[in-house]
Amino acid sequence: MSEIVKFTIDGKEYEGVKGQLLVEVAAEKGIYIPVLCHWKGVKPAGSCRICSVKVNGRFMAGCTTPLEADMKIENDTPEILDIRKAIVEMLFVEGNHFCPSCEKSGNCDLQALGYRYQMMVPRFPYEFERRDIDASSPKLIIEKNRCIFCKRCVRMIKDEQGKSYFAFKGRGKHLQISLDKKLAVTMSEENAHKAMDACPVGCILRKEVGFAVPIGKRKYDHVSIGTDIEKLNK
Amino acid sequence: MQKVTIEPVTRVEGHGKVTIQLDDNMNVTQTRLHVVEFRGFERFVQGRPYWEAPVLVQRLCGICPVSHHLAAAKALDVIVGAGTGHGLTATGEKMRRLMHYGQMFQSHALHFFHLSSPDFLLGYDADPAIRNVIGVALNFPDLAVQGVMMRKYGQEIIERTAGKKVHGTGAIPGGINKNLSIEERDYLLHGADPLNIKKMVEWADSALQFFKGYYMKNRDFVDNFAYFPSNHLSLVRKDGALDLYHGVLRAVDTDGNRILNDVDYQEYNKYIEEEVRSWSYMKFPYLKHLGKEKGWYRVGPLARLNTCDFIPSPMAQKEFEIYKAHTNGKPNNYCLHTHWARLIELLHSAEVIQDLLNDPDLQKNDLVVKGTKGNEGVGLIEAPRGTLFHHYRINKDDQIEMANLIVSTTNNNEPMNQSVNFVAKKMMNGQKEITEPMKNAVEIAIRAYDPCLSCATHALGKMPLDIKLVGANGEVIDHYKS
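These protein sequences, in sequence, are chains Z and D.
The numbering of the first sequence is the numbering used here, which starts it at 20 and goes up by one.
The numbering of the second sequence is the numbering used here, which starts it at 1453 and goes up by one.
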């Protein structure tokens, strides 16, 4: 039987199920902790750190930390908001993100977080890494310039035998997402669709459907990211 | 020898400069319009997924991105097997037409009211401090408001068809991504004054009548300002009507003889070649069969009204007949008559918009057509400044491997150089001093073409003109920078 424990977020008291992940507990209370690598129901990776919160004075990843009794969680503080903004900026300078011609624009979580945290000029220098586009698969284009290494695709998109279509290749600065060419040939339409939806940026794209959704009908055209969670609190 | 440099050229889109060489007797020996920017879109679009081209390549320009957006989409229509021009669904084609004529309307209004009217309303030799759009607003507030609101109306159309006023996403390979809702239609048809189509038709007509009035009072100046014979090229509808969205390629010589007889533009490279000259980043296109010397041509409003047989809207057709009567039905080679032709097109655009807004096809939901896929396509459109060519080839993985763009202003490169030469000789030959009004006259000649020298998004602030006057020994006698 699940144990109910007391905790606070930004000084306000709540009750929740012990062991539940902080990002999910908070969402149930109408409090938005941003995520990029996390996907509900998939084993957490804690790779992007955009969900950083302070728990009892220490920085923790909200997507990997289970709820414990008497946790004092800081979420909406100037310090944490600035750290999250810095992480968004780092992700932007690390890849080559040119929103004006990206078909994920308006549906992109990274872009939406840039708007939410009012990112203007990044505080870090651009890396301008040269990366390829892999367009060899029949259904998908992998735009490696936009990958933020969240690993959602690696963890989520698998064939009937449980083999991942995606994997990381290389190390450190040379790390790249790659799609298994043999498996890609037989990828179902459903998996292709799922892969594009899972990608929080414009890295995994289904072929020949770009820009089919008009401006005004895209996910973040009228609402800021996180609004769906926060409206529970109003 | 002396050299005059006009840098930057003002009240045009983009950056350019003019150099004028004079001999010891202060006679003009050489003139050049240099375009000093390099863009590189044809190279960096390589490797991109083909469906990205209409959104990416339109970033060439902030004034008429719709032209690039649609020209690229038309080329991709061919690649996705939707055919050319009329292969789309009625909704797809008509939404694109509405977007395009909305753009034509805003761009022509912008050019006439914001860029050119200061020369007509305040005089080409007026104090440069007031010879600008602010001077127009102070001295002719009603006209200035019309200019601003007409541009706004065109932009409102673009927003409702492309999703955004600048750099939208409406046209996709094989069609369009939205129709026009009843609310959007009613806003454009019956919006509060002045933002409704009835007022726009009225104002377009009054702008045209204003220019004609100016012309009647200043006929000698307008007719004699810059006149030189040339060929003219544009798209025309198959029946010879003016059509700014789609048609066949027609060119006429200075006497009106067909030198390109309604050919399919998919084969444009059979007919047109581009020459590179070391002193400019802008290429010089010409008709292959006539060669470099005789094959250059004009594009844009003047050319379009020289190639087409009639205008398929009643008010503009009536004006077209008056306009054609001036040259006895022969091609018009008066440089400043381009403004007249542009305003007839402004009126025509308003009439076309009115017809389209009343067309129920715009509310239908059949938006996209696809057929047998190919790997190469050409898209042509009549942009505000003239015929615009987009040509793409893709590889087996759907990536663009070749792109060739011949931008409207590029087609007008030689004519603009001819105009500069004509006006510089007329104004400066034998003069002891090169005055500011003389230099502005050179700019007026360029401005008549409404050039988009860079296809202009990165030009911030005022658009610069630079004129240098260089003496026989190469020394700079006078250097004018606006």
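Any given hint could be a false lead.
What the hints assert, rightly or not - Below 20 angstroms or equal to it, Euclidean Cα-Cα: the simulated DMTMM-like pairs (lysine to aspartate or glutamate) are:
#, chain 1, residue 1, chain 2, residue 2
1, Z, K226, D, E1853
2, Z, K236, Z, D247
3, D, K1616, Z, D240
4, Z, K62, Z, D29
5, Z, K236, D, D1577
6, Z, K62, Z, E43
7, Z, K200, D, D1850
8, Z, K163, D, E1853
9, Z, K236, D, E1853
10, D, K1822, Z, E227
11, Z, K158, D, D1850
12, D, K1825, Z, E43
Since the hints were derived computationally from the structure, they do not count as laboratory data.
Practice task
Of all the hints given earlier, name the ones this structure violates by number, lowest first.
Solution key: 4, 5, 9 and 12
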